[in-house]
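J.: Please take these sequences and the hints and turn them into a complete structure.
Numbering follows my numbering, in which position 164 of the sequence shown is assigned residue number 164; successive positions increment by one, without gaps.
Calculated from the structure, these hints are not laboratory results.
Hints may contain errors.
Claimed, not checked - Straight-line C-alpha distance at most 25 Å; calculated DMTMM-like pairs for lysine to aspartate or glutamate:
hint, residue 1, residue 2
1, K165, E72
2, K217, D204
3, K211, E147
Claimed, not checked - With beta-carbon atoms standing in for the labels, derived distance ranges:
hint, residue 1, residue 2, range
4, S4, F226, 52 to 60 Å
5, P138, F47, 19 to 27 Å
6, K26, I240, 33 to 41 Å
7, L41, S77, 36 to 44 Å
8, F93, F226, 27 to 35 Å
9, T168, L9, 26 to 34 Å
10, S182, M1, 21 to 29 Å
11, M216, L238, 27 to 35 Å
Keep in mind it's a predicted model, so treat the numbers as computed, not measured.
Ideal Cβ positions, reconstructed from N, Cα and C, are used throughout, including at glycine.
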Amino acid sequence: MLHSLNEWLWWHEYWLPPGITWEDMKESEDIHYPQPQDLLLSIPFCFPCWQFGLCNWEPACGQWKFPVWPMESSLISLSKQCDLPTRKVERWFRYRRNQDKPSLTTKFCELCSLCTASQHLYGPSWNVPSRCPSPLLPSVFWYYMLELSFYFSLVCTLPFDVKRKDLTQQIVHHGATIFLISFSYCANYLRIGTLVMVIHDASDCILEPTKIFNYMKWRRICDGLFIIFSAVFLLTRLLIFPYK
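T.: Next comes the structure, spelled out in C-alpha coordinates:
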(Lines of atoms letter the chains of each structure in order from A; the text may use other names.)
(Lines give C-alpha, C1' and ligand atoms only; values in the text may rest on other atoms or scores of the structure.)
Protein backbone atom coordinates (compact mmCIF):
# COMPACT_ATOMS: atom_id res chain seq x y z
CA MET A 1 0.00 0.00 0.00
CA LEU A 2 2.81 2.40 0.86
CA HIS A 3 4.53 1.58 -2.42
CA SER A 4 1.35 2.39 -4.37
CA LEU A 5 0.88 5.61 -2.42
CA ASN A 6 4.49 6.62 -3.10
CA GLU A 7 4.10 5.94 -6.84
CA TRP A 8 0.88 7.96 -6.94
CA LEU A 9 2.44 10.87 -5.05
CA TRP A 10 5.50 11.08 -7.31
CA TRP A 11 3.69 10.39 -10.59
CA HIS A 12 5.55 12.36 -13.25
CA GLU A 13 2.38 13.92 -14.68
CA TYR A 14 1.83 15.75 -11.37
CA TRP A 15 5.30 17.26 -11.19
CA LEU A 16 6.79 17.41 -14.69
CA PRO A 17 5.75 18.96 -18.02
CA PRO A 18 4.00 16.74 -20.59
CA GLY A 19 6.36 14.34 -22.31
CA ILE A 20 8.95 14.47 -19.51
CA THR A 21 9.42 11.58 -17.08
CA TRP A 22 11.67 11.03 -14.09
CA GLU A 23 14.05 9.10 -16.35
CA ASP A 24 14.78 12.34 -18.20
CA MET A 25 15.68 13.98 -14.90
CA LYS A 26 18.50 11.61 -13.99
CA GLU A 27 21.77 13.34 -13.29
CA SER A 28 25.12 12.80 -14.95
CA GLU A 29 28.63 14.01 -14.24
CA ASP A 30 28.12 17.21 -16.22
CA ILE A 31 24.39 17.83 -15.84
CA HIS A 32 22.55 18.18 -12.55
CA TYR A 33 18.82 18.54 -11.98
CA PRO A 34 16.85 19.62 -8.91
CA GLN A 35 16.18 16.82 -6.45
CA PRO A 36 13.49 17.09 -3.74
CA GLN A 37 15.93 15.95 -1.06
CA ASP A 38 18.08 19.00 -1.80
CA LEU A 39 15.55 21.12 0.06
CA LEU A 40 16.65 19.53 3.33
CA LEU A 41 19.88 21.49 2.99
CA SER A 42 17.98 24.72 3.60
CA ILE A 43 17.10 23.64 7.16
CA PRO A 44 20.69 23.82 8.51
CA PHE A 45 21.18 27.14 6.71
CA CYS A 46 18.17 28.66 8.47
CA PHE A 47 19.90 28.41 11.86
CA PRO A 48 22.69 30.91 11.02
CA CYS A 49 20.01 33.32 9.79
CA TRP A 50 18.03 32.65 12.96
CA GLN A 51 21.05 33.27 15.20
CA PHE A 52 21.86 36.41 13.24
CA GLY A 53 18.34 37.66 13.83
CA LEU A 54 18.49 36.91 17.55
CA CYS A 55 21.79 38.76 17.85
CA ASN A 56 20.44 41.87 16.15
CA TRP A 57 17.00 41.93 17.74
CA GLU A 58 16.39 41.44 21.41
CA PRO A 59 13.93 38.67 22.28
CA ALA A 60 10.50 40.08 22.91
CA CYS A 61 8.77 37.08 24.43
CA GLY A 62 8.12 38.96 27.64
CA GLN A 63 6.53 41.84 25.79
CA TRP A 64 3.66 39.60 24.73
CA LYS A 65 2.45 39.49 28.33
CA PHE A 66 2.63 43.22 29.00
CA PRO A 67 0.60 45.55 26.78
CA VAL A 68 2.28 48.72 25.59
CA TRP A 69 -1.07 50.48 25.67
CA PRO A 70 -2.36 49.91 29.22
CA MET A 71 -6.02 50.28 30.04
CA GLU A 72 -7.31 53.32 31.86
CA SER A 73 -7.90 51.32 35.03
CA SER A 74 -4.26 50.20 34.98
CA LEU A 75 -3.10 53.79 34.51
CA ILE A 76 -5.12 54.94 37.50
CA SER A 77 -3.75 52.11 39.62
CA LEU A 78 -0.17 52.88 38.61
CA SER A 79 -0.60 56.59 39.25
CA LYS A 80 -1.77 55.84 42.79
CA GLN A 81 1.09 53.43 43.43
CA CYS A 82 3.72 55.87 42.14
CA ASP A 83 2.01 58.97 43.52
CA LEU A 84 2.10 60.60 40.10
CA PRO A 85 -0.55 62.20 37.92
CA THR A 86 -2.10 59.95 35.31
CA ARG A 87 -0.75 62.23 32.59
CA LYS A 88 2.84 61.57 33.66
CA VAL A 89 2.22 57.82 33.68
CA GLU A 90 0.90 58.01 30.12
CA ARG A 91 3.94 60.08 29.12
CA TRP A 92 6.27 57.47 30.63
CA PHE A 93 4.64 54.68 28.61
CA ARG A 94 4.98 56.78 25.46
CA TYR A 95 8.68 57.33 26.11
CA ARG A 96 9.11 53.65 26.86
CA ARG A 97 7.48 52.66 23.55
CA ASN A 98 9.77 55.01 21.65
CA GLN A 99 12.82 53.33 23.17
CA ASP A 100 11.86 50.04 21.49
CA LYS A 101 11.83 51.65 18.06
CA PRO A 102 15.04 51.15 16.08
CA SER A 103 17.15 54.25 15.60
CA LEU A 104 17.90 55.81 12.23
CA THR A 105 21.44 54.39 12.38
CA THR A 106 20.08 50.89 12.95
CA LYS A 107 17.63 51.23 10.07
CA PHE A 108 20.36 52.61 7.81
CA CYS A 109 22.76 49.72 8.51
CA GLU A 110 20.00 47.15 8.11
CA LEU A 111 18.93 48.51 4.72
CA CYS A 112 22.53 48.70 3.50
CA SER A 113 22.94 45.00 4.26
CA LEU A 114 19.78 44.21 2.27
CA CYS A 115 20.96 45.97 -0.91
CA THR A 116 22.46 42.94 -2.64
CA ALA A 117 22.71 42.36 -6.37
CA SER A 118 21.20 39.49 -8.35
CA GLN A 119 24.08 39.21 -10.81
CA HIS A 120 23.86 35.41 -10.71
CA LEU A 121 20.79 35.64 -12.95
CA TYR A 122 22.78 37.40 -15.66
CA GLY A 123 25.01 35.48 -18.02
CA PRO A 124 23.42 32.02 -18.32
CA SER A 125 21.29 31.53 -21.40
CA TRP A 126 17.61 30.92 -20.71
CA ASN A 127 16.72 30.80 -24.40
CA VAL A 128 16.02 27.07 -24.49
CA PRO A 129 12.75 25.28 -25.29
CA SER A 130 10.42 25.54 -22.33
CA ARG A 131 9.53 21.85 -22.55
CA CYS A 132 13.12 20.75 -21.97
CA PRO A 133 14.26 20.08 -18.39
CA SER A 134 16.34 22.93 -17.01
CA PRO A 135 19.80 21.95 -15.76
CA LEU A 136 20.49 23.18 -12.26
CA LEU A 137 23.16 25.87 -12.18
CA PRO A 138 25.16 26.31 -8.95
CA SER A 139 24.14 29.97 -8.71
CA VAL A 140 20.44 29.13 -9.01
CA PHE A 141 20.83 26.28 -6.51
CA TRP A 142 22.30 28.56 -3.86
CA TYR A 143 19.77 31.25 -4.69
CA TYR A 144 16.94 28.84 -3.92
CA MET A 145 18.62 27.49 -0.78
CA LEU A 146 19.26 30.95 0.64
CA GLU A 147 15.76 32.17 -0.15
CA LEU A 148 14.19 29.10 1.43
CA SER A 149 16.42 29.19 4.51
CA PHE A 150 15.67 32.90 4.92
CA TYR A 151 11.92 32.32 5.07
CA PHE A 152 12.42 29.35 7.40
CA SER A 153 14.37 31.64 9.72
CA LEU A 154 11.57 34.22 9.61
CA VAL A 155 9.13 31.57 10.81
CA CYS A 156 11.54 30.55 13.59
CA THR A 157 11.98 34.13 14.82
CA LEU A 158 8.27 34.95 14.97
CA PRO A 159 7.92 33.83 18.63
CA PHE A 160 10.88 36.06 19.57
CA ASP A 161 9.76 39.12 17.63
CA VAL A 162 7.51 41.93 18.73
CA LYS A 163 3.89 40.88 18.43
CA ARG A 164 2.20 42.67 15.54
CA LYS A 165 -1.39 42.96 14.43
CA ASP A 166 -0.63 41.17 11.15
CA LEU A 167 0.93 38.11 12.81
CA THR A 168 -1.56 35.73 11.19
CA GLN A 169 -1.01 37.28 7.79
CA GLN A 170 2.76 36.95 8.22
CA ILE A 171 2.48 33.24 9.04
CA VAL A 172 0.25 32.62 6.01
CA HIS A 173 2.57 34.62 3.75
CA HIS A 174 5.72 32.81 4.91
CA GLY A 175 4.03 29.41 4.62
CA ALA A 176 2.77 30.13 1.10
CA THR A 177 6.18 31.42 0.04
CA ILE A 178 7.97 28.34 1.37
CA PHE A 179 5.48 26.09 -0.45
CA LEU A 180 5.83 27.93 -3.76
CA ILE A 181 9.63 27.98 -3.64
CA SER A 182 9.75 24.28 -2.76
CA PHE A 183 7.22 23.35 -5.46
CA SER A 184 9.01 25.28 -8.22
CA TYR A 185 12.30 23.64 -7.24
CA CYS A 186 10.93 20.09 -7.06
CA ALA A 187 9.04 20.49 -10.34
CA ASN A 188 12.13 21.97 -12.02
CA TYR A 189 10.29 25.21 -12.77
CA LEU A 190 13.56 27.08 -12.34
CA ARG A 191 13.08 29.58 -15.14
CA ILE A 192 9.62 30.70 -14.10
CA GLY A 193 10.56 30.47 -10.42
CA THR A 194 13.55 32.78 -10.71
CA LEU A 195 11.59 35.07 -13.04
CA VAL A 196 8.76 35.46 -10.51
CA MET A 197 11.20 36.17 -7.68
CA VAL A 198 13.07 38.74 -9.77
CA ILE A 199 9.82 40.47 -10.74
CA HIS A 200 8.71 40.64 -7.11
CA ASP A 201 12.13 41.81 -5.91
CA ALA A 202 12.82 44.31 -8.70
CA SER A 203 11.05 47.19 -6.99
CA ASP A 204 12.55 46.29 -3.59
CA CYS A 205 16.04 46.92 -4.98
CA ILE A 206 14.98 50.54 -5.50
CA LEU A 207 12.91 50.86 -2.33
CA GLU A 208 15.82 50.05 -0.01
CA PRO A 209 18.15 52.79 -1.39
CA THR A 210 15.19 55.17 -1.26
CA LYS A 211 14.83 54.54 2.47
CA ILE A 212 18.59 54.93 2.95
CA PHE A 213 18.63 58.36 1.30
CA ASN A 214 15.54 59.30 3.28
CA TYR A 215 17.39 58.55 6.53
CA MET A 216 20.34 60.60 5.21
CA LYS A 217 17.97 63.56 4.60
CA TRP A 218 18.83 63.68 0.89
CA ARG A 219 15.34 64.66 -0.14
CA ARG A 220 15.85 65.25 -3.87
CA ILE A 221 17.52 61.89 -4.47
CA CYS A 222 14.92 60.22 -2.26
CA ASP A 223 12.03 61.76 -4.19
CA GLY A 224 13.58 60.82 -7.53
CA LEU A 225 14.14 57.23 -6.48
CA PHE A 226 10.61 57.03 -5.11
CA ILE A 227 9.21 58.05 -8.50
CA ILE A 228 11.34 55.36 -10.17
CA PHE A 229 10.23 52.84 -7.54
CA SER A 230 6.56 53.64 -8.19
CA ALA A 231 7.00 53.22 -11.94
CA VAL A 232 8.89 49.92 -11.58
CA PHE A 233 6.36 48.61 -9.06
CA LEU A 234 3.40 49.36 -11.32
CA LEU A 235 5.21 47.99 -14.38
CA THR A 236 6.28 44.70 -12.77
CA ARG A 237 3.29 43.96 -10.55
CA LEU A 238 0.44 45.18 -12.76
CA LEU A 239 1.78 44.64 -16.30
CA ILE A 240 4.68 42.19 -16.62
CA PHE A 241 3.68 39.68 -13.95
CA PRO A 242 -0.01 39.15 -14.82
CA TYR A 243 0.20 39.62 -18.60
CA LYS A 244 3.72 38.62 -19.70
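J.: Each hint should be assessed against the structure and marked as holding or not.
T.: Hint check results:
no.	hint	verdict
1	K165 with E72	holds (21 Å)
2	K217 with D204	holds (20 Å)
3	K211 with E147	holds (23 Å)
4	S4 with F226: 52 to 60 Å	holds (57 Å)
5	P138 with F47: 19 to 27 Å	holds (22 Å)
6	K26 with I240: 33 to 41 Å	holds (35 Å)
7	L41 with S77: 36 to 44 Å	violated (54 Å)
8	F93 with F226: 27 to 35 Å	holds (34 Å)
9	T168 with L9: 26 to 34 Å	holds (30 Å)
10	S182 with M1: 21 to 29 Å	holds (26 Å)
11	M216 with L238: 27 to 35 Å	holds (30 Å)
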